[in-house]
Amino acid sequence: MNADDLVELEAIKRVKYRYMRTLDQKLWDEMATCFTDDAVAAYSGGKYRYEGREAIIEFLSRSMGADTFHSSHRIHQPEIELTSPTTATGTWAMDDVVVMTDWDLTIRGAAFYEDRYEKVNGEWKIAHTGYKRTYEEMQPRAAVPGLKLTASWWTTGGVSDIDA
Amino acid sequence: MNADDLVELEAIKRVKYRYMRTLDQKLWDEMATCFTDDAVAAYSGGKYRYEGREAIIEFLSRSMGADTFHSSHRIHQPEIELTSPTTATGTWAMDDVVVMTDWDLTIRGAAFYEDRYEKVNGEWKIAHTGYKRTYEEMQPRAAVPGLKLTASWWTTGGVSDIDA
Amino acid sequence: MNADDLVELEAIKRVKYRYMRTLDQKLWDEMATCFTDDAVAAYSGGKYRYEGREAIIEFLSRSMGADTFHSSHRIHQPEIELTSPTTATGTWAMDDVVVMTDWDLTIRGAAFYEDRYEKVNGEWKIAHTGYKRTYEEMQPRAAVPGLKLTASWWTTGGVSDIDA
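Sequence lines, in order, name chains D, X and S. Just so you know, numbering that gives the first Met the number 0 puts 156 at position 157 of the first sequence, and the rest follows in order with no gaps. Just so you know, numbering that gives the first Met the number 0 puts 37 at position 38 of the second sequence, and the rest follows in order with no gaps. Just so you know, numbering that gives the first Met the number 0 puts 33 at position 34 of the third sequence, and the rest follows in order with no gaps.
So here's chain D without its partners, still in its complex pose (with noise of 0.2 angstroms):
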């Protein structure tokens, strides 16, 4: 590991929260930059297997794209090899809470994500992404006594309601 590498990492970081930060703000052509275009997604330990940039795209837009999905990915503590000059794997772990307001859900989990990431035309970007859940749980909300969704980045425009 020597400083160059270090350029390769920050790159490589940078085209995975890309990806995070356009899923949650539901900006799918930005989204399309993160990935090859053979990519290859397998969600929930394989569960949800998606073959090429469209059809993940497609996947995600579809089950994750309504106003009411209020979505957090997080991820973290990468773990980044460079396994050739274009070519490099990640580790990285996740958590995530999506609050369905017209399911009256909220999920929550804990995942690792096992990713590869290839340089084309010197940039880097997502050729394979899959995770496995440390756990999951559901949640109906309606059941929690008092609970109160208090901002929506889509019905209020990020500000919440409640008074400092």
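Check the hints yourself; a few may be wrong.
Said to hold, decoys possible - Computed beta-carbon distance windows for the label pairs: (1) GLY51/X with ASP4/S: 29 to 35 angstroms; (2) ALA31/D with GLY51/S: 22 to 28 angstroms; (3) LYS147/S with SER60/X: 40 to 46 angstroms; (4) ARG61/S with GLU50/X: 51 to 57 angstroms; (5) ALA31/D with ASP4/S: 33 to 39 angstroms; (6) ARG61/D with GLY64/X: 41 to 47 angstroms; (7) ALA65/S with ALA31/X: 43 to 49 angstroms; (8) THR32/X with THR154/S: 46 to 52 angstroms; (9) ASP4/S with ARG61/X: 35 to 41 angstroms; (10) THR82/X with ASP4/S: 21 to 27 angstroms; (11) GLU50/X with PRO139/S: 43 to 49 angstroms; (12) GLY51/X with TRP102/S: 49 to 55 angstroms.
Quick caveat, the hints were computed from the structure, so don't treat them as lab data. Since the structure is predicted, the reported quantities are computational estimates derived from the model, not experimental observations. Beta carbons: idealized from backbone N, C-alpha and C, even for Gly.
Dock chains X and S against chain D, hints included.
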């Protein structure tokens, strides 16, 4: 992006990390070192806007200073751009939990920060910070059967009551 | 701080990330590579103190080893200082969730770590680790209406029961 740029990025991340830590540890004097004199903060989609370091610190120490206010702000996924030798922008994902034992409330949420940084006398400082929430929710604690606070930085010295 | 220092910081972050991952994945042999022989751990404000790598691993594998113990420890916001070519200190923010299906409990919390690192035979190791909690809370799971575990690393292979 080269290795020298990474040194700047690390310094920018560090001032942001110090800001988040001093917020949760209520170290207001140390927090003051994180901002430019004329820094602007626009929290919660701009609902809470403060101009100048003193106004920012005054707001935060007043609204979050009580020992009954247990906050955990965590930032992730930095996308930092150096826009000149002395200016930079940064996008961060955030999630936070606040346990208010006096108001019997838990507040949880997620957001994205958009920051600007300036290098002043060789030190990076936060010149502008603000976030927009993906979601935020509020929940009364007494209505949760069996919920029990088992540690507090302020009242148990950070030690847990739970026996391993 | 220069680019060579960043290479050291990356190596220090990596050993900490490996420690957190092996904790949640229960990979005790790999975890042992993270510590110096005489490492000291002082968890929960010093309530749980263990001296020596073997004692630390024994405590963690005993208290967190069961397949019914689903833990998610996440560390953030590293403030690492190189104090000599072979020693360093580090402050980290942490948050954790533990879902104990046998004890019908969820434990959630946040803390700050204060670590010391040593470079031994060219490899950075954890020499001292400890954290103090901002808050911690415990909640019985059966009392939460409709709460359902939908994935487990140990019992569902990390695959979710929820259909997208």
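Violated hints, by number in ascending order, as checked against the structure: 2
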